[in-house]
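Below are the chains, spelled out letter by letter.
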Amino acid sequence: MFAEPPVNPDSGASSKESHAEPLVEIRDLCFRRGDQLIFADLNLDLPCGLVTAVMGPSGSGKTTLLKLITGQLKPDAGSIRVAGEEITRLDQQGLFRLRRRMGMLFQSSALLTDLSVFDNVAYPLREHTRLSPSLIRKLVLLKLEAVGLRGAWSLMPSELSGGMARRVALARAIALDPMMILYDEPFTGQDPISMGMLMALIRKLNDAARLTSILVSHDVQETLRIADWIYLIAEGRVLAQGTPAALTRDPSPWVRQFLDGLPDGPVHFHYPAPPLAKDLLGWG
Amino acid sequence: MVKRGMLELLVGLFVSLGFVALFFLAMQVSNLSLNLDQGGYRLTARFGNVGSLRARAPVTMAGVRIGRVESIQFDQHTYEAVVVMRIDPQINAIPEDTIASILTAGLLGEQYIGLEPGSSPDFLQDGDEITHTQSALVLERMIGQFLFKKAGEG
Amino acid sequence: MGMTRTALMQLGTSVLAGLERLGRAHLLLLATLCASDEVLRRPRLVLEQVFNIGTLSLVIVGVSGLFVGMVLGLQGYTVLAKFGAAESLGILVAASLVRELGPVVTALLVAGRAGSALTAEIGLMKATEQLAALEMMAVDPIRRILAPRLLGGLISMPLLAAIFSAVGVVGGYFVGVGLLGVDAGAYWGQMQARIDVQEDLVNGVIKSLVFGLVVTSVALFQGYEAVPTAEGVSRATTRAVVQSALLVLGLDFILTALMFGGD
Ligand SMILES: Nc1ncnc2c1ncn2[C@@H]1O[C@H](COP(=O)(O)OP(=O)(O)OP(=O)(O)O)[C@@H](O)[C@H]1O
Ligand SMILES: [Mg+2]
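Protein chains in written order, with the numbering used here: chain A, 1 to 284; chain B, 1 to 154; chain C, 1 to 263.
Extracted from the complex, chain A is given alone in its bound form:
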């Protein structure tokens, strides 16, 4: 069932890369929060050099998955291997070594609010490199140019709109030219123009810099257009996977329900709850 994902014929990735060992390998992952089981025996591969999208209903655990992959959360069972290293067994130094090669775009942009836009993007460079200030300046301006915000370098995060803050966070995530970027909903709050620009940027970063990208998004059309491979997760499992082309043709009811945005269907798009009538008709 979890065969090597074939390459999206539309993408620029060559077939040679697709047979490369997956950058992230998740096996039999179990994770619970309190009584709520978020993942039960999840299996997932993220191949090197491709854009893999993870889609699923709100609250299905996509953000949690990204946090597990980056070692911010520890799973209850199962293994997560990133670049050949078992992330669950790394100590802080090992994690930091790995994270220096990862960029993450948080769902809430998570900019450091006491630093300006420029200093935010320069932060990882100043932390982990010994580049001269003038070189750092050039690099930061280039990264900001890539997200279309070079003119905003002197603003403080509180002076940015939500969408602008998200793009600054993206510039910061790519500042160190990582091997892997995790995007948590990069498109929310973007106007159509910057949305198109972001999509092109994600694709370009992936193809030009040989990055591996993980994209969590609710925007079905955009995701279908730029992803090489898509996982649909719900109820703690992978419900479907395939290339965008394959998924759009997939007749199974819940793939259709999710991709076409039907209000109801076989998948419970609600947080687990007792029947509505029971909750409404008193406490007995």
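Hint data in this document are derived by calculation from the structure and do not stem from the laboratory.
Nothing here was measured: the structure is a model prediction, and the numbers come from that model.
Here a beta-carbon is modelled for each residue, glycine too, at the ideal position from N, C-alpha and C.
Not one of these hints is a red herring.
Partial chain C-side listing against chain B, Cβ under 10 Å, derived:
| no. | residue |
| --- | --- |
| 1 | E48 |
| 2 | L56 |
| 3 | S88 |
| 4 | F164 |
| 5 | V167 |
| 6 | V170 |
| 7 | I195 |
| 8 | V197 |
With chain A's structure known, arrange chains B and C with the ligands on it following the hints.
Okay, now just chains B and C with the ligands, sitting in the frame of chain A:
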């Protein structure tokens, strides 16, 4: 946020204010004698009873502090208290027959040593002993004596 | 019977939870102290915190010190004058300030002014995922955020307490000597004769170092452990102020007993 140079300036100002305050407390409030150990000379005196005299209590002459009590020991052969005083170096003309008494500041205050100058032309040197001493007045003993005298009279 | 059982169980649970929290607080403090080598490489981080905790508290600490000293002068005078000992006013003012009020009141003021701000700052950084973002950039928030703040608190507290005491002694002088007519020579002279550098001043500084550690680390722990919501942060801020005030007062008693109780 504050500008770059401004921050350093303000922090520097704060830290130096703090040290000025510490210096003020040390010099003006508690009179730190920097020449506590290297300067001055020692005198000893034996008392039958030192009361509640403590180390570092003032040694005064005519009410002016001229030194401090350095240590108080017990001599178990004579059953006396041996008090070592350190006298400020500029006070170098204390007559040999000076009397040292243990006095109390105020009615219930702390005790100190008062020196009553004698008339000898020879002065005390480092390490000398003051032979004329007057012990502390112990309140209980005074009251006891008073009652005893009253009883004798009546 | 069943009621007693559940009550006992609840008591046990909350005691265990409290102990666990205490353990975590100490582990965090230990980790923060161990991470302090970072600030040697980046002294500016500490400088910023000395500014936030120290310089910005200067006005409130100075003004409070002045008034506390003036009140001490007034009250001390009325009491001492009854015993004909108004000349000892200097001793009373200086000893109360240097030994007790300087370190304690300064610690309470700093807990209210800077400690609460630290908790809110760290708590909000947690709520807005800034701490997580730092970790994702392979930067340890304990080294980068907590350690400089702890050091800033440790440096600022004794200096603030010294300023408080010094201003207070001057305030006592204004009232005692300036208004009530105590002899200036007696005010300073008696003070100098009886206040000891080792016994009073150094012990006062040790106290305020301990209080600096307590106030800052409680504030940092509460922020770091705050529930990452607006309500959680506001609760954590309140807890930080209440807990550090209680700890300061309790520790002050213990330290006073150890330092001055012997003789
Ligand atoms: N800190 C937390 N403590 C307890 N439960 C949590 C916590 N964070 C998330 N959850 C639970 O974990 C589940 C998955 O959350 P997650 O944030 O991963 O969802 P998501 O798929 O990213 O949703 P969205 O698309 O809305 O961002 C949710 O049901 C939520 O209730
Ligand atoms: Mg999410």
